[in-house]
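Protein chains: 2
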Amino acid sequence: MAQSTDPSDPPPALHPTLEPSTRRMIAGDHSRLVASLPLPTPPSSSSSSSSKDRSRPSQHHFSTESKQFTGAALKKLATPSPDSVILPLGAGRPSPELFPWDCTSIKPSPSAEKNRFVLKDAVDYDLSSVLDYGYAEGSPQLLRFMREHVKIFHSPPYADWTTCLSSGSTSALEIALRIFCNRGDAVLTEHHTYPGFKEVAGLMGLAMHGVAMDTEGIRPDSLRTMLQNWDKKLHRTERPSVLYTIPSGQNPTGVTQTHKRKQEIYEVAEQFDLIIIEDDPYYFIQLETSTAATAPPSRDNVANGHIPTVSSSAETYFTKNLIPSYLSLDKSGRVVRLDSASKILAPGLRIGWVTANESVIDKFASYHEVCTAFPSGPSQLMVFNQLCENWGAHGFVNWLASLSMRYQKRRDILLQACQDHLPQDICTWDIPTRGMFVWIRVDLSSHPDLVSGTELTPLESSNIDGRIMTRAFENGVQVTNGSLFEAGTPFPSQNDQRAVFFRLTFAAATDKELVSGVQLFAKAVQDEFM
Amino acid sequence: MAQSTDPSDPPPALHPTLEPSTRRMIAGDHSRLVASLPLPTPPSSSSSSSSKDRSRPSQHHFSTESKQFTGAALKKLATPSPDSVILPLGAGRPSPELFPWDCTSIKPSPSAEKNRFVLKDAVDYDLSSVLDYGYAEGSPQLLRFMREHVKIFHSPPYADWTTCLSSGSTSALEIALRIFCNRGDAVLTEHHTYPGFKEVAGLMGLAMHGVAMDTEGIRPDSLRTMLQNWDKKLHRTERPSVLYTIPSGQNPTGVTQTHKRKQEIYEVAEQFDLIIIEDDPYYFIQLETSTAATAPPSRDNVANGHIPTVSSSAETYFTKNLIPSYLSLDKSGRVVRLDSASKILAPGLRIGWVTANESVIDKFASYHEVCTAFPSGPSQLMVFNQLCENWGAHGFVNWLASLSMRYQKRRDILLQACQDHLPQDICTWDIPTRGMFVWIRVDLSSHPDLVSGTELTPLESSNIDGRIMTRAFENGVQVTNGSLFEAGTPFPSQNDQRAVFFRLTFAAATDKELVSGVQLFAKAVQDEFM
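For the record, the sequence lines run as chains A and B. Sequential numbering of the first sequence, starting at 1, is according to UniProt numbering. Sequential numbering of the second sequence, starting at 1, is according to UniProt numbering.
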């Protein structure tokens with residue numbers, strides 16, 4: 001199928017290659033493009049004087065790295081509009097009702113009592129200390145908690161591991177790649193992967209190689225074969241030494257790697273001396289919680305930011321059910337584990353934590369010193385207060401268990417809606433056991449445009465999934481099309497060209513919106529096949 | 001003078017090349033190394049099991065960029081100790097009593113009233129919105145204020161300028177260099193410059209070329225000569241196209257560029273098509289405020305975080321006295337202006353703002369999307385609340401004027417102490433009119449080790465200034481030695497090898513500490529000349 005100029009093609013705003021100037025224009029025009037939650041439209045430049053000349057072109061000044069770079073595709077898709085009534089099954093943005101802060105007064109009040117947190121062996125941790133310059137590794141108070149947390153849940157099997165804070169996992173991922181990769185290097189990842197990884201790898205001039213996946217995630221046989229047969233001449237670069245993987249509730253496929261699968265992959269990493277970047281923001285969002293405790297918490301409590309505690313048996317079940325991380329298998333110290341507060345506390349904090357061997361964490365701290373310096377003091381204090389003062393290690397686990405129950409309930413609603421409304425001769429999916437994504441495979445065998453037996457080119461697939469996404473959007477639901485997640489050249493070729501994919505999320509929508517959203521998406525799929 | 005192993009040599013901890021592992025060890029050992037304010041010692045890794053093996057070496061995995069990189073020299077110098085009684089004339093860290101927040105309760109209290117800020121044409125700006133994902137450019141509410149602020153103070157003379165927030169100026173500087181520079185490029189800066197710039201330029205493999213300075217800052221004749229005579233073969237790279245400059249209260253020299261000087265430099269930039277990175281965190285710290293309003297505000301009020309307002313005549317004087325920025329001269333859109341909240345609000349916020357032409361700001365936003373994503377939501381809300389809700393544009397200026405008065409008073413105390421205690425046949429200095437630094441030149445003509453008429457090698461200078469700094473530290477005061485600030489090859493050679501330099505700051509110490517600190521430093525200088 002040739003590229004058409006049919007008006008039903010996705011509008012340019014939906015293309016990942018959208019120019020920033022266009023994006024700005026669209027945002028200013030109150031386009032219908034939306035995120036899962038409405039945000040206000042950014043103000044335009046305050047230069048109102050039309051009598052002034054424009055600047056001289058800057059393009060010739062841009063570096064090799066920055067010249068072609070226009071930012072993150074997924075974020076462009078999520079350009080919000082305050083006017084939107086679009087159902088948010090697209091962006092994996094948690095609902096604010098699941099942030100564990102109901103209310104915070106952040107104001108300069110001379111009369112209010114000074115809010116001090118005192119830790120044994122530490123100076124006071126109060127507002128004046130967090131407003132001051134801090135440590136590149138993060139505040140000692142919060143670090144102490146995080147290192148204990150990492151020890152409890154991952155107990156890395158080598159001596160010199162350590163943890164530092166990051167200004168969010170996105171920042172940590174960029175730094176990890178700058179630490180380990182040179183321009184032109186190849187990096188390995190799942191065949192479908194997080195677009196933020198694609199963007200930063202693209203920025204840094206890295207060649208992505210997607211490894212085949214199955215229902216347990218990235219395939220060790222494919223990984224080994226790829227590395228064994230690496231042809232330096234053919235690939236124009238050395239054999240890759242970095243594997244980026246999302247082991248739990250993978251973004252976008254929702255797949256979770258089993259313990260055995262991680263062991264097999266780790267073995268390949270040992271054989272070929274790979275660094276494993278374990279990006280694991282969904283690790284604690286377990287969608288197979290104890291049935292004894294799945295009674296949904298009352299809506300009122302949740303809306304107040306107080307998700308009820310779970311029973312101790314449910315908490316034990318939750319803890320026992322955690323799959324060992326790569327970090328916990330890491331006898332050689334080759335894993336760089338990225339944890340994030342974004343999905344389990346709140347993304348606006350820009351707080352994450354990184355665990356690896358000391359020489360790697362030293363590099364992280366050094367990079368911090370010349371980039372963000374250290375994570376926001378007020379954000380660190382909020383996390384410290386909630387985790388250390390309010391919850392404690394035990395309360396944090398209870399929070400994670402109850403949060404997981406909430407997500408499990410939402411997942412079940414979404415899956416039931418898929419069952420009820422999607423055409424099952426065309427659409428298939430697996431049940432995700434972690435995270436916030438359901439990955440829908442749409443079989444194109446019966447697509448009217450396709451001559452039986454022919455293969456689709458990637459461009460044609462991309463046209464079809466873009467068209468379905470646009471139609472869904474016009475119907476009033478935002479979903480994310482699979483093409484956005486494809487990582488470079490997949491290996492081995494997946495032989496699945498007669499299908500397209502969609503990522504649906506149950507993170508952001510209400511129960512009712514989840515059902516309506518699937519109905520609107522189902523209609524878009526059916527219309528494509530008419 | 002040969003390099004000696006005399007025990008009076010600076011301990012390794014004071015060397016900018018200190019290894020992170022050493023730094024960690026020192027921090028753990030409660031070394032006497034201090035910052036201007038005590039912070040708690042970071043916890044060591046929580047791996048306590050000595051039965052585990054160490055990780056396998058990671059060094060062979062490090063990229064060209066990261067391999068030799070160990071972070072920021074100045075931050076290492078500032079490694080703090082809770083046990084310290086060292087007077088803080090070293091690090092330019094503002095006193096917490098000058099942060100405009102006295103008290104903030106950041107705690108999850110279900111009973112407290114929801115704190116909402118409503119802006120016309122904007123959705124509510126409350127905690128749940130700042131805890132959510134935000135814009136790469138910064139929140140629209142705060143941006144609106146910042147763009148107005150930039151318009152009022154700089155009124156850039158071209159049409160398509162705009163402003164975005166940054167996660168602090170350190171981050172903005174790194175991104176600016178990544179936008180404009182390729183590995184191996186040359187960049188221009190003042191002969192003595194901010195070590196953070198040296199570090200990030202070093203990380204990125206840029207060759208720094210220091211331009212000669214006089215009492216008005218970087219010299220246009222030297223800059224022009226350097227560019228005119230640029231020898232690609234000799235310098236092994238193209239003529240530089242980026243100038244990094246700190247125009248107000250320069251770090252470390254305290255020098256402020258006049259309006260005329262900036263015009264001359266801008267003319268050279270036009271001639272040679274330079275990008276000017278204007279790093280201007282001290283722009284609003286004016287140390288020549290109206291004499292009619294210099295009565296120091298009462299200590300009590302200040303300690304409560306409420307610096308008294310200045311009179312309207314003092315405010316007018318303050319505003320009129322501002323020297324036009326490079327941005328305000330920028331008819332071609334070649335200036336990238338970095339503003340920071342760190343010196344005028346609080347460094348722990350990690351908030352800054354960047355102004356440049358739209359194509360450059362688009363690049364910044366794109367970089368944000370793959371690094372910090374956006375500045376901390378709680379930090380943005382705190383700044384928004386103070387600037388927009390509490391102060392307004394007018395109140396902000398009043399704050400800046402009264403803050404300047406406070407710093408002027410401190411500067412005067414430090415200068416008087418220098419006058420009273422430093423040996424004036426050896427030490428000279430100029431009076432800084434902006435910022436927080438006094439730059440002391442120590443003439444070595446009468447130094448006992450020097451044979452009359454000989455020139456010092458940079459290594460010998462560095463030994464002497466390191467020795468004086470160590471002695472001062474042993475006496476109980478932290479100052480920063482000039483060698484730390486030297487930028488690559490200076491041009492033309494400054495012919496000032498018979499002197500060493502020290503940066504003293506009046507940012508952090510109390511009035512009394514300023515006097516004692518200078519006395520202790522004076523003793524260290526005198527002892528070196530015995």
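Be aware that one or more of the hints could be misleading.
[Said to hold, decoys possible] Result set (DSS-like, lysine-lysine): computed pairs, CA atoms no more than 30 Å apart in a straight line:
| no. | chain 1 | residue 1 | chain 2 | residue 2 |
| --- | --- | --- | --- | --- |
| 1 | B | K260 | A | K52 |
| 2 | A | K320 | B | K260 |
| 3 | A | K67 | B | K151 |
Worth flagging that the hints you see were computed from the coordinates, not collected in a lab. Since the model is a prediction, treat every value here as computed from it, not as a measurement.
Taking the hints in turn, this is what the structure says about them:
This hinted pair checks out: B:K260 and A:K52 have alpha carbons roughly 23 Å apart, not beyond 30 Å. The hinted pair formed by A:K320 and B:K260 fails the criterion: a straight-line CA distance of about 71 Å is larger than 30 Å. Of the supplied pair hints, the one linking A:K67 and B:K151 holds, its CA atoms being roughly 28 Å apart against a limit of 30 Å.
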